[in-house]
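Residue numbers (this note's numbering), protein chains in the order written: chain A, 134 to 317; chain B, 19 to 146.
If you're looking for bench data, these hints aren't it; they were derived computationally from the structure. A hint or two may mislead.
Per label pair, the in silico range of CB-to-CB distance [said to hold, decoys possible]:
hint	chain 1	residue 1	chain 2	residue 2	range
1	A	G191	B	R85	43 to 49 Å
2	A	E145	B	A95	50 to 56 Å
3	A	I312	B	S143	16 to 22 Å
4	A	A163	B	A95	49 to 55 Å
5	B	R85	A	Q270	31 to 37 Å
6	A	G307	B	A83	30 to 36 Å
7	A	N202	B	A76	46 to 52 Å
8	B	A95	A	Q270	39 to 45 Å
9	A	G154	B	S143	27 to 33 Å
10	B	A83	A	T142	15 to 21 Å
Quick look at which bits of chain A chain B covers, simulated, 3 or more residues with Cβ under 8 Å [stated by the list, open to error]:
hint	region
11	179-187
12	250-260
The beta-carbon is built from N, C-alpha and C at its ideal position, and this holds for glycine as well.
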Amino acid sequence: MTDTRTPATIGELSVNAIPTGRPTRAVLAAVRIAVGLMWLQNVNWKRPPDFGQAAENGLYQYTSYAVENPVLAPFSWLVQNVIFPNFVLFGWGVLLAEFCLGAFLLVGFLTRFWAIVGILQTLAITLSVLNTPAEWQWSYYLMFAAQFVILATAAGRVTGVDGLLRPRWSLSSGRPARIAMALS
Amino acid sequence: MNVVTGTAPPHVFSWRARGLIVAGFTALSSLFALLDYTPLQFVSINLVQGILLVGLAALAAVGCALRVPVLLLAAGAILIVAGLVRLVTYGHTIGIISGSVNAAALMVGLGTVFVAIWTTSRPMSATP
Chain A
134 MTDTRTPATI GELSVNAIPT GRPTRAVLAA VRIAVGLMWL QNVNWKRPPD FGQAAENGLY
194 QYTSYAVENP VLAPFSWLVQ NVIFPNFVLF GWGVLLAEFC LGAFLLVGFL TRFWAIVGIL
254 QTLAITLSVL NTPAEWQWSY YLMFAAQFVI LATAAGRVTG VDGLLRPRWS LSSGRPARIA
314 MALS
Chain B
19 MNVVTGTAPP HVFSWRARGL IVAGFTALSS LFALLDYTPL QFVSINLVQG ILLVGLAALA
79 AVGCALRVPV LLLAAGAILI VAGLVRLVTY GHTIGIISGS VNAAALMVGL GTVFVAIWTT
139 SRPMSATP
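Pulled out of the complex, with its shape left as it was, chain A reads as follows (with noise of 0.2 Å):
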């Protein structure tokens, strides 16, 4: 295979290289740090032992907004017909989900793992309340974006357990070092 790079293209990518400097990777650890912060300080109103069912309020009635302003039909059935059934259980899911996304953003470890369960749980959210009245559909959006850019720029490695441990891990081959290698 023959190069085809010319001097003007090598110039454009040094030109538009991305900093990687001390700011940037204190940006990158910050925006990590406050949307841990983020899921950590939301967490305490999923309460069990029914999560709102029995009062209609906290975690049933935002899931119920799924069916009452409906954003996609597939996704209200869903909450009808599956969710809404097995209450207690999704409660449990949601819960923990958000408690580990809470300690382990924070601190930065398995980020790129817990960045992409905090994307899909922001979808379910979004695809719940972003056509009931008075979100400011927004804060879903940069939600999302937030979480993509932690997951792409693998921000647990800067000020992150992440950090700390992939060095170790990349001179094992078991198993669960290399899972751990691929998830951070």
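Guided by the hints, dock chain B onto chain A, whose structure is given.
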């Protein structure tokens, strides 16, 4: 200075310095969470959780000061267990130990950091 690339190597903290920094953050996060100053109160916390965070931060700091890394492991493991216990009992009110689930998540996160720092205190070797 790296003579090949012409760049300075990134500053690397020892496990003791990292442990002390995280112990400081752990103690401060407890005190910070006790402040009721909306919107800066990210995590609600009760007295027992606050004392546990400060006490285990002190244990980890002692481990760093005395070069006894196993104390970091102990502090981290206790934080993780305490956080997970509150998660699974979140539906119940158990007197004074009924802390918030936010603080429980914070405990699990900080406990993970202490365990990770303990891991880095051990010699690094390649495994087959």
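Hints numbered earlier in the text: which of these fail when held up against the supplied structure?
4, 5, 10, 12
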